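Participant: Those protein sequences? They're chains X and Y, same order as listed.
All residue numbers for the first sequence refer to my numbering, where the first residue is 3 and numbers rise by one.
All residue numbers for the second sequence refer to my numbering, where the first residue is 126 and numbers rise by one.
Everything labelled a hint here was simulated from the structure, so no lab data went into it.
Only part of the chain X face toward chain Y is listed, based on derived beta-carbon distances under 8 Å: (1) Tyr24; (2) Thr162; (3) Ser170.
All figures in this text were calculated on a predicted structure; none of them were measured in a lab.
Yeah, the Cβ is synthetic: ideal placement off N, Cα and C, and Gly gets one too.
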Amino acid sequence: MAAGIGAGGFVGFALETTAGTYVAPAQFWAIRSENIQFQTNDVFRRNIRGIADEAGAVAGTSHIEGPIEAELFADMFAYLLYTSRNTVVKSGTGPYVYTFTPGHGAVASNKTMSVTVVRNGVVHGFVGCVLGSFKLTTDTGSGIALASYNILGLDEATQTLPTLVLPSTVPFGAGTYSIEVPTATQVFDASQFELNVDDNVNPEYRLKSTRSASFIKFGERSASLMIERDFDARTELDAFKALTASSVRVKLTKDSNNIVQATLAAAVRESYEISGLSGQGDIIMAKSNWRGQYDATTSKAYELVVTSALSIV
Amino acid sequence: MTNILNLNVPGREGEMLEVFGFGLLENGKQYTMEDAEVAQYEAITGQKWPEGGTLTIPTETPEPTVVPNVDTPVETDDKDPAAGVTSTEGGEK
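Just chain X, same shape as in the assembly (with noise of 0.2 Å):
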């Protein structure tokens, strides 16, 4: 077979009925780059028996894990949120109005997916896929929103070459941000964000007739958010001092069809970092690192309500 480059390649979703068994994609997004891997937990045997080579291979157990790098695009956010600890609440009747909110068990809430990665002509297609942490952030300099998101699964085979169908939607760029600290409260000086959610997932193996993970757990959870603002006065430092709770909010909006905002209705400030007098040209900033805690008023530590046009289940 030819050499193939990373451009003809393409990534496709589709949420299961039976986690674990392949559906062929019935959605389609542009990305960045992705790197989606079949892992093994092989032993190469090396025993004690008068020889100091390995002496063989046990396959061992193995799941599916990597990432998956995209612009942010609302549908797609909101799509592969199907697959994480959250629960979902839809409305509207188009554009949907998904709310995410997160949830406390073990396992996928709702769905899990089958992606299906095509390389060089190569179909692989990962099943029992779920999303077990993301990343939102925004390309400095030129203002465009980007994800990442972490993927893991139980199995991979091979499948039916599918034919590529590309929505229309148009990702988030500059002029689409509103930061507010605290909600409702929006600030102009913000130059850089970034939102994590982990819910730092792993593969469970149990002994079967199959060596793949029978399932992915969802452990303990952490959100956290970073905003860069320019440091003009003590007030934040001080509420970093005094591990002053706040809500904080990132939200944005391209038009009616697509709106992401995040929410941590209590956000502590695990750290403050000013940059000090660095040079003589240097823009003095300072990050601000929050760490979102359960809230017992809201019952949630954070949400996520993503708008779009795409109906999804």
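With chain X's structure known, arrange chain Y on it following the hints.
Facilitator: Using the frame of chain X, we list chain Y on its own:
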């Protein structure tokens, strides 16, 4: 034979979608394709047009593939007991 393209991507009713090999098409509609368009699709995608004459998008989920038992250990050091060899590994000659 008439070549039919069924474009029915769930959740995207009425949206214009970019179908690789065909350009922008309206989701939910059925298109009759000329032989030349089919040939172009096959050339661009490297896929054969379905023999039945109808291409359905998204691709239908195929029947599950029978996966061979991958749990069989790979043993490379076992000697054939029938050969009567007890042990020869690691011994000084």
